[in-house]
Every structure is written in structure tokens, then in C-alpha cells.
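Visitor: From first to last, the protein sequence lines are chains A and B. Numbering (this note's numbering) for the first sequence: 7 to 70. Numbering (this note's numbering) for the second sequence: 6 to 191.
The set of hints was computed from the structure by calculation and includes no laboratory data. Hints are not guaranteed to be accurate.
As the list claims (entries may be wrong) - DSS-like, lysine-lysine: derived pairs with alpha carbons at most 30 Å apart:
1. LYS173(B) x LYS71(B)
2. LYS71(B) x LYS170(B)
3. LYS71(B) x LYS28(A)
4. LYS170(B) x LYS151(B)
5. LYS173(B) x LYS151(B)
6. LYS94(B) x LYS71(B)
7. LYS151(B) x LYS94(B)
8. LYS21(B) x LYS64(B)
9. LYS28(A) x LYS64(B)
10. LYS94(B) x LYS28(A)
11. LYS94(B) x LYS21(B)
12. LYS28(A) x LYS173(B)
The residues making up each chain are set out below.
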Amino acid sequence: MPEADRMNCPDCGAEMNHHADKLVYDSAPDDEDAGEGGFILEAHACPGCGRSATRVSQPGARAH
Amino acid sequence: MERPLYIPVILGTPRKGRASENVARFVLGEVEKREGVETELIDVRGLRLSTEDEGESVKDAEFSSKMSRADALVVVVPEYNHGYPGLLKHALDSNLKEYVHKAVGLCGVSAGGFGGTRVIENLLPVLRELGLVTIFWDGNFSGAQKLFDESGRILDDSYVRRVDKFLKELIWMARALRHGRENIPL
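So here's chain B without its partners, still in its complex pose:
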């Protein structure tokens, strides 16, 4: 029997009032519906990362362990002035070997109408350098402050279908890369 995939969802901003938390919890719920996939939410707000140094010297052991176990990642990232949150970059940079030949999918979040497309484009080369393999589907969550009700339920059901496409591709890539890591020599 195939081992379950482990695909955590990283909530990439610690800001107060973050709309990305609703997005992350929505995506997490969609991942949880998949058979053979284990997941959990990883909130950058909760990571123990010193800001007095960088890279692997500031590792959070629990976070690194989860990255090592992961077959793929979902990164939920808000767009701040076209860029990504500094703490997300700081957290991602704290690992390296844990990411090699693993899949990553991005969900961009923005208050405007572009669904975080610009932050996604900015983050792609970072992920590539870390050794991750990006997929060709993204999640684009536009107008994020008005996209959920007070309980955090998404108000536009079309996102369920879009995220389904995104996750199908991510899971395919995660399975393909696991097979490659474990069976195809360099």
C-alpha cells in the first residue's frame, strides 16, 4: 500500500487581520478531502525563527522536520506592494536540503483583482533556487477581504473547482517526484 502523501499548507504572513488566513483554511479543507493525503496548517506566525541570523542557522527544528517529511507544499502568500512577506522568505530560507525535488503550489492573495499574480511571479525564482519544483496551476484569490463571510466560509463557490484543478496537478507532481526521488538515479 502506498504511503500517504504529506502536503502541508503554509500560511505565509503573520500580519494582524490577514485575509490570507481564510484562504489558507479554505485550501487546507480542500486538501483534507483528498484520499491518501495528510496535511496540516503551518503558520509562519508560530515558527521559532531568530531574526538575528539567516538561512539554515536559524532553523526551527519542528518546521524543518515537517519540510523534510513533506512531498509537496502549498504556500498561501499575500501580495504586499507586489512582493512577498519578509517573514515567509526568512522561513523558507531556513531550509534547503529538505526541499530538493519536491513539488510546490502557490496561492496568491490580494485585495485587488489580480489574485496575487505579481507576488507569485516574484516568488517562483526563489522556490526554484531552493530546489522545489513549481507546478503550472496557481490559486488566485482576488478581493480577499470580501471573499469570505464572518465565519470564514468562502462566498464564491467557483473557487472549489479552481482549487480542485490546482490540487490535482500538485498531487500528481508530488507522486511523480516521490517516485523519482526514491527510484530514478541521477
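Chain A with its partners taken away, still in its complex shape:
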């Protein structure tokens, strides 16, 4: 995963694991994926403390 895509745990600072992309059928913030009808929410979890975090995926910024 490119450096810019990594997320660090807000609690312990460890690098979080990006474990899911969830399609959310909702009005998108500003990056609506017309082909899917919603937006992609990235789910991350911390291997150190278990903290979870999410962010809206930025199209084109990810390696996969």
C-alpha cells in the first residue's frame, strides 16, 4: 500500500490494517461513484489496540 494510503491508529499510533471497503448506498460527500450508486468507505483496524477507524475512499489514490 502506498505511504499516503496508510492510516495510523489515533490511540496508539500503530499502523492500522485496511481490512474492508464497504459500498454505502447514500448521498455521497463529494466523490460519488456513479457506477456503484454510492461511495466506498474504507475500514481500518489497529493490530495493537483494536481501535477501528474509517474514511471515505479517494478514487485513484489507492493501489487496488
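Based on the hints, put chain B in the right spot on chain A.
Guide: Positioned in the frame of chain A, the structure of chain B alone reads:
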């Protein structure tokens, strides 16, 4: 040392005289017997959810925090005309990101002999869309009004064995999914 799992039990109906409360308290007691598992009862009756809007716009902060912390959920759901209680759906819909890649097990409750099998089938696609991972064991509590004595003690001990199977599978899935969330990249 592995962090304890957190597996709350959601009592999915606010109705007066609900037989599901006995079921939820029974299941809660069985979860409490497991080492390395923390639990508590979450009663939809006690959630602060506006009914004037829906989804994440009506979040109850405490409920969302518990869903975020949870590794798995037990949902105790009565069958009302083959369906699930509206308030349970309203409560579940108030979160989304909190559920992704977490396990859920269902305990159906009915007055008749099918143990809530129809409401379980109806609820499964909802849970899937929320990002939860359903297990292949259910709890089926038939004849719920006569299944407990006045103190809430279950009268049919076979349910202890059945719920043991259900919880073993749920805990396995909770541990597997926690490992996956924290260690296996997409």
C-alpha cells in the same frame, strides 16, 4: 495476553410483557460464563433514538460506542407477523462503519413452535448489508411465554446445550474476524 472479546446481547423489542427479555437474560448469563468474553445487555427500549429521521443521523452515541467496541453481537429478536420489530431495525440502521467484519448470531423468539425461524431468515439480509458476518448456528426459542418460570429461570435445560453450540461458533467467528480485521489486508 489476548484482549477479551466484547460481545453484547441486544434485546430487540421494547414491547410490554416481552418474552424476549427472559431469553436475552438467559443468553446473557451463558455468555457471562465464557472466559475471555465481556458482555452486557443492550435494551432497545433504553436507546435514545429519534424517530423523526433515520440511519446515522439519529445515532445514540453510547450505543454506537458499544457497537464500535464489539467483536460480535447476539441479537435476540421476537417474531412479529413473521417480521422483526421496527425499533430493532431503526436501532441497527443507526450504525454502519461500526459493524464491518464483525460476527453476529441471532436468537429467534416466538410463541409458536418455530422458534423465530422466519424472523431470522428475514433479518439475515439486513445484517449482511450492514457489514456483519452471520454465523450458521441460531438460537430458536419456541413457546417463549411458557419457557421460563416466574423468576425468569428457563424450564427446559436442553437450551443450555443448544446455546453452548451457538456461542462456541459465535466466539470462534469473533476471534477469527478480529484477527482478520487487525492483520489481514484487503
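Visitor: Are the hints correct? Go through all of them and say.
Guide: Now the hints, each set against the structure:
no.: 1; hint: LYS173(B) x LYS71(B); in the structure: holds (22 Å)
no.: 2; hint: LYS71(B) x LYS170(B); in the structure: holds (25 Å)
no.: 3; hint: LYS71(B) x LYS28(A); in the structure: holds (20 Å)
no.: 4; hint: LYS170(B) x LYS151(B); in the structure: holds (23 Å)
no.: 5; hint: LYS173(B) x LYS151(B); in the structure: holds (27 Å)
no.: 6; hint: LYS94(B) x LYS71(B); in the structure: holds (17 Å)
no.: 7; hint: LYS151(B) x LYS94(B); in the structure: holds (27 Å)
no.: 8; hint: LYS21(B) x LYS64(B); in the structure: holds (24 Å)
no.: 9; hint: LYS28(A) x LYS64(B); in the structure: holds (19 Å)
no.: 10; hint: LYS94(B) x LYS28(A); in the structure: holds (20 Å)
no.: 11; hint: LYS94(B) x LYS21(B); in the structure: holds (18 Å)
no.: 12; hint: LYS28(A) x LYS173(B); in the structure: holds (28 Å)
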